[in-house]
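**Student:** Take a look at the letters that make up each chain.
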Amino acid sequence: MPITITAPKPVQHPYADHDNSMSDSDSDSQSSMGDGGNNYKNVINMIKSESGSAAAAAAVTKKSGASPTSHSEIVTPGEVITDDPQWMRGHGTFVTPATSAIISSVAGTISRTNKLLSVRPLRARYTPEVGDLIVGRIVEVQAKRWRVDVGATQLASLPLSAINLPGGILRKRTETDELQIRTFFAEGDLLVAEVQQLFADGGAVLHTRSLKYGKLRNGVFVAVSGMGGGGGVVRSRRQVWTMEAANGGGQIDVALGVNGFVWISKHVETPPDLLEKTAGITNVEESVSATMYSSQNDRIEAETMREIARIRGVVTALVENGLRVDEDMVMRGYHEAVEMAMLSSAGPDDIYLGGERGQQLAAALTAI
Amino acid sequence: MASTQHALLSPAELAYLHASLSLTPPIRPDGRAANQFRPLAAETGILPGTNGSARICFADGTEAIVGVKAEVERTRRGDGGREDGVEYVSSRLEGDFVEGVSSGEGAIAAVDEADRVGESEWVELSVEIPGARDDDAGTVFLAAMLAEALLAGGEFAKKLWINRRFHWKLYLDILLISPPLSYPLPLLSLTTHLALLATRLPRLKSEGDEDPFFDDDWAAAPYLYARKDGKATARPPVSLLVMAVGNNIIFDPSKEELAVADVALAVSVGEETATTTAAEADEAQQQQQPLGRNLRLLSVRTIDPPSRLTPPGVPNATNSAYGAATTQKQPEARAAESEAVEGVWKAPRGGAKALVMAALVQKALMRGGVADEVLDALDAVDLVA
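In order, the protein sequence lines correspond to chains A and B.
For the first sequence, position 36 (counting from the first letter as 1) is numbered 36 according to the UniProt record's numbering, and the numbering increases by one without interruption.
For the second sequence, position 169 (counting from the first letter as 1) is numbered 169 according to the UniProt record's numbering, and the numbering increases by one without interruption.
Keep in mind the hints are simulated off the structure, nothing from the lab.
Backbone N, C-alpha and C define an ideal beta-carbon position, used for all residues, glycine too.
Treat the hints with care, as some may be off.
[Stated by the list, open to error] With a cut-off of at most 25 Å between alpha-carbon atoms, the simulated DMTMM-like pairs for lysine to aspartate or glutamate come out as follows:
| no. | chain 1 | residue 1 | chain 2 | residue 2 |
| --- | --- | --- | --- | --- |
| 1 | A | K9 | B | D211 |
| 2 | A | K9 | A | E356 |
| 3 | B | K363 | A | E339 |
| 4 | A | K9 | B | D382 |
| 5 | B | K255 | A | E339 |
[Claimed, not checked] Now the stretches of chain B that chain A is said to cover, found in silico as 3 or more residues with beta-carbon under 8 Å:
| no. | segment |
| --- | --- |
| 6 | 29 to 38 |
| 7 | 237 to 248 |
| 8 | 312 to 318 |
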């Protein structure tokens, strides 16, 4: 069947089943606070319960959060959350000078940490932080730097001085390098980099001064939401890893940018002829960085391409079903997907994970 | 031809996509089969103030709504006077590639059957794409393509005839309410299809050429597309986006797939009503089509694929930033276009192969083919008017 048409799903609260999956403590759990007087009552309720035992507090917030009749879990920009002065404003809120009312500045759900009220946005752009591993796309080439789209409010910049020169040579950047700037990165090129520095306005400066970083090839790109909505890429211990694919797919590299940009590619060792050429006193680092600016793909077998597409399907299925994307989830999802394909009528070559298949996959992952 | 908006992709990505889509069977980045559409959610009757409306949402988040409004309008006398000399514009296009019937509101497709005439001006179609101006070439082109398919053959305009002095004027407002994540033609076309199926016009009470007088009972209002046992007997056309990479034919391409297309076509397919002319019956027999759904090709438009504007990749052999052996002094920004090297992206040049084009249209139109299944699936959508 080439087309599936379903009736629209009834509206679901994005954080309805969120408590057990994301929050690490009870006091962090979502609480419902609505419009006008109602929310005020809720806050009072919480304050009262807070004076009691911690368990009671958790029970109250849980109850109000899970009540099916409350349609007001989501606040919109400009909505008054509370005008009680005892609460502190957190992210996603603001206070007007004249009053003490805390007003939401984004559309999202309220989260409460002790006396701190903050609003988690439903959708948000990526906010860079120093040390984040990101996948970005060059959108502009300037005289001494590139401008990189990283999914943030502003373009990040990558100075010419913050890249590794081919061959690992260490020297000052000259005019020749400036003229040849497009041979390193041109418009549209994808790269993996790290945030080195932040400006006061939130703009990021990147660097690729490591063998792990550089231009991307031999694979596919997929952009998922970085944060909000319950799903998306989360900061974790390892953002880049190499995995062994099933069905003879060989080794596959996965890079989950913290900004929600994901790169899935065939794992490539440095070609031996290049190793020979540069062998000697100079170390392996040089030969590795020599392939850094290549935009020629290696030969990729159909099996590898199929598994790459399957991993891409897993990532999109995770995001569509509001699950977090990290190494653990992707690996579990991938194994689940391989097993699902074994059982499907089309056999292990069936890599489609959209629509109902994706929901099945997500259900299998959350059930464990 | 309006070009689709430019997707910025790196040469390595393009080369990978092109390679995986040229395999047999093609491996699409989202794992779909070559003739598989993105899953979609559809509903009708969402706008109470309209005569018919529909909403379709793709899984990737693109969403469109269509509202149909009807108004009674006095037919200009000049039009009536033309009745004896009606211009016949042949719009039978079966089996042949014709570059459309007319360009948008061009020639009048009027067929005189049982004293009914329709004018293409009776339908006003407007497309709105967020972020694009109303008079943007791409938007105008989309609207023209949708209108062309709808008005082809003049059957649709004839439905709007009330009597010799009055007719319905139909306003179709097609709104894309998400940013255009992919070329929105199939989405807009499917939504328009559903909205028109759900459209009802008040029942006419007056007779003859007197001023029209309508039944105010909405429950009695007949559907614009007459239905029998809950199924429409005739259906509005659908436009499908089809593309080819190598010898593979791929339906409903996503943005990145379209970015490596050798050729992209918008194929509009209509359904012939049960009463076919003798000539058509002959043709149906020639194609061994049994009775049932008689698909008819209404128009084929080529869409300029964005792949032609993409920059070529640089092969390692000429890449001065590759390898330690940088002997060449090449300060130019980009190397000149080279011969095809495996793994290096090269934008497709030249037109489409005739054989691929023929296979493309054949695959869409075939009985039990994609268009057939799409219409079947749309049939299954519950209509609420």
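**Student:** State for each hint whether it applies.
**Tutor:** Hint check results:
1. Between K9/A and D211/B, the direct Cα distance comes to roughly 45 Å. Violation of the 25 Å bound is thereby established for this hinted pair.
2. Among the hinted pairs, K9/A with E356/A is consistent with the structure: their alpha-carbon atoms are about 12 Å apart, no more than 25 Å.
3. With a CA separation close to 32 Å, the supplied pair K363/B and E339/A exceeds the 25 Å bound.
4. The straight-line distance between the Cα atoms of K9/A and D382/B is roughly 14 Å, inside the 25 Å bound, and the hint therefore holds.
5. Annotation: proposed proximity of K255/B to E339/A is violated, straight-line Cα distance about 30 Å (limit 25 Å).
6. Taking a C-beta to C-beta cut-off of 8 Å, the segment 29 to 38 of chain B contributes 9 residues in contact with chain A, enough for the three needed, and the coverage statement holds.
7. Counting residues of the segment 237 to 248 of chain B whose CB falls under 8 Å from any CB of chain A gives 0; the rule of at least 3 is not met.
8. With 4 residues bearing a CB less than 8 Å from a CB of chain A, the segment 312 to 318 of chain B meets the requirement of three and the coverage assertion stands.
Hints 1, 3, 5 and 7 from the list above are not met by this structure, while the remaining hints are.
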